[in-house]
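Those protein sequences? They're chains A and B, same order as listed. The first sequence runs 1 to 276 under this note's numbering. The second sequence runs 1001 to 1276 under this note's numbering.
Treat the hints as calculated values from the structure; they're not laboratory data. Beta carbons are placed, not taken as given, at the ideal position from N, Cα and C, and that holds for glycine. Certain hints may be false.
Heads up, simulated BS3-like pairs for lysine-lysine below, C-alpha to C-alpha not over 25 Å straight-line [to be verified]:
1) B/K1119 - A/K38
2) A/K264 - A/K46
3) B/K1038 - A/K119
4) B/K1038 - B/K1021
5) B/K1264 - B/K1046
6) A/K38 - B/K1101
7) A/K26 - A/K3
8) A/K258 - A/K221
9) A/K258 - B/K1046
10) A/K264 - B/K1221
11) B/K1046 - A/K119
12) A/K221 - B/K1264
13) B/K1046 - B/K1003
14) A/K101 - B/K1038
15) A/K221 - B/K1021
16) B/K1119 - A/K46
A short list of chain A residues far from chain B (calculated; beta carbon distances all over 10 Å) [as the list claims (entries may be wrong)]:
17) L30
18) F65
19) R92
20) G94
21) Q95
22) S131
23) V184
24) P185
25) T187
26) G197
27) F236
28) L261
29) L263
Number of protein chains: 2
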Amino acid sequence: MSKILGYLGPRGTFTEEVSIKYAKDKDLLLKPFPALDKVFNAVARKEIEYGIVPVENSLEGSVNFTHDLLSNSDVKIQGELLLRVRQLLLARPGQKPSQIKEIYSHPQALAQCRLFLDKNYPGRPRINIASTAEAAALVAQNYGKAAIASIRAAELYGLEILQDSIQNEPSNITRFLLIGLDDVPPTGNDKTSLLVGLHDKPGTLYSILGVFARYSLNLTKIESRPIRGELGKYIFFLDFEGHREEKIVAQAMQEAEKQVLFLKVLGSYPRAESDL
Amino acid sequence: MSKILGYLGPRGTFTEEVSIKYAKDKDLLLKPFPALDKVFNAVARKEIEYGIVPVENSLEGSVNFTHDLLSNSDVKIQGELLLRVRQLLLARPGQKPSQIKEIYSHPQALAQCRLFLDKNYPGRPRINIASTAEAAALVAQNYGKAAIASIRAAELYGLEILQDSIQNEPSNITRFLLIGLDDVPPTGNDKTSLLVGLHDKPGTLYSILGVFARYSLNLTKIESRPIRGELGKYIFFLDFEGHREEKIVAQAMQEAEKQVLFLKVLGSYPRAESDL
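Only chain A is shown next, with the shape it has when bound in the complex (with noise of 0.2 Å):
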């Protein structure tokens, strides 16, 4: 029997266009879940065997809400994808860019796209829709409108291109991680991800990083959160390049181990090829 792949829907969103091209060639069944927590429970709850989920850069779903899914669960990373998200101007076919009267999509993909609107489509209301995906899906239903979102809604609700990749910035990458319940083997070319509670004082932040240091284990990402309610008191997510298995970082973690209040392994896993 296949195995499943939940993802963040609804259909017609990036999470599910990065979720399609790393289902390729694998024998995967995917399933769209109307919220990121859904996505965490189904896998904890061995109803479905991965997740996808935006961490990072994301118009889908925040990225605070997937750290604390991480920090709360014993879901591991198994992995990371990245994609480049190209917005597209979309419309009932056979319609003319005089004919749009109202623009559609996620507040921030409307802001993402301002300088082509401001330029092209002056004065004519945005609407904010809660995503990308749920506004192609209302336009496909209606003349008169346009709404920004990925090819992948394009092809779904059978809009056509208005224009391609209208973003300001020519190049943004989301990231996203793919969530299962078991660990995965060293290749190689790892990343590792952390969650680190400290002890409440000064310094305590810099000895940390200092074993990462002396280990000449290259941090690729540092973030702090306010621990929900302890005004003050904070907890850390750090990824570095290496593999939970391999001997250098595992001797990294057992002396970081010491000096803090808790340390979570949320999983090693695959670096992402940066040639995109």
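Following the hints, complete the assembly by docking chain B onto the known chain A.
Below, chain B alone, put in the same frame as chain A:
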């Protein structure tokens, strides 16, 4: 003439709620803006004097997007504001819980209230809307629907409170920034926010944090962000206690500046009181 305080709207959001609190007893006119970048641009062009934008743990606008706007503009952080977010279940007056067939809200608000909904409204469809305020506006026009939104949305749209404080976690604090064009003077209890670009080699972050540790400047936030389109290159947002005009802070920054690609002071501003 009154000065204008712009905020990320629409009316009825948590950002409006904190803006009303801030403007109380001050001679300020409040003005909602439809997108984060529009608040920043209005301040930068001196169309308005101040802006309030969400920056951490927020449902409204992305943390990442606020960071991007801070890094790309000359707008200064002039203050921070904290709000304990309380989610309410709202409907048109006179309706009983049994009459509610659908629940409308921002996807993350629906997730934050999942336990309450699962228990009290099992099987009732949950509909994603771009903001809690827009969900409240929609529900105000329809029977048989409830919205999850702020107390401010209830007032604004004449909705009845079916249940107060329905979020899974009792305390959910959101942080907002007050932005403007001027530097604010020291109060003796301040914070400074920096944007730092580092040379791309292991240990540089550690070395910079060492400067702050030597001067006993307590870090309250650290966040790395990939440089757009340049995978593997990072900038850092750092917050620490102290004001840029304090001697010790000025010395630490001078020392740090020698080791970095660039260092931009986003603002020195009074710390928010932590007893909400």
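Outcome of the hint check:
1. B/K1119 - A/K38: With Cα atoms ~16 Å apart, B/K1119 and A/K38 stay inside 25 Å; holds.
2. A/K264 - A/K46: holds (21 Å)
3. B/K1038 - A/K119: holds (16 Å)
4. B/K1038 - B/K1021: Roughly 22 Å separates the two Cα atoms, so the pair holds.
5. B/K1264 - B/K1046: holds (21 Å)
6. A/K38 - B/K1101: holds (21 Å)
7. A/K26 - A/K3: holds (9 Å)
8. A/K258 - A/K221: Measuring from Cα to Cα gives roughly 22 Å; hence the hint holds.
9. A/K258 - B/K1046: violated (52 Å)
10. A/K264 - B/K1221: holds (20 Å)
11. B/K1046 - A/K119: With Cα atoms ~22 Å apart, B/K1046 and A/K119 stay inside 25 Å; holds.
12. A/K221 - B/K1264: OK: A/K221 and B/K1264 at ~20 Å, within 25 Å.
13. B/K1046 - B/K1003: holds (11 Å)
14. A/K101 - B/K1038: Status holds; Cα separation ~21 Å.
15. A/K221 - B/K1021: violated (35 Å)
16. B/K1119 - A/K46: holds (22 Å)
17. L30: It holds; A/L30 is separated from chain B by about 20 Å at its closest Cβ, greater than 10 Å.
18. F65: violated (6 Å)
19. R92: holds (22 Å)
20. G94: holds (28 Å)
21. Q95: At about 24 Å from chain B, A/Q95 clears the 10 Å cut-off, so the statement holds.
22. S131: violated (7 Å)
23. V184: holds (21 Å)
24. P185: holds (24 Å)
25. T187: A/T187 is indeed farther than 10 Å from all Cβ atoms of chain B, at 18 Å.
26. G197: holds (15 Å)
27. F236: A/F236 is in fact no farther than 10 Å from some Cβ atom of chain B, at 8 Å.
28. L261: The claim stands: A/L261 keeps its Cβ more than 10 Å from every Cβ of chain B (closest is about 16 Å).
29. L263: Holds, because the least Cβ-Cβ distance between A/L263 and chain B comes to about 17 Å, which exceeds 10 Å.
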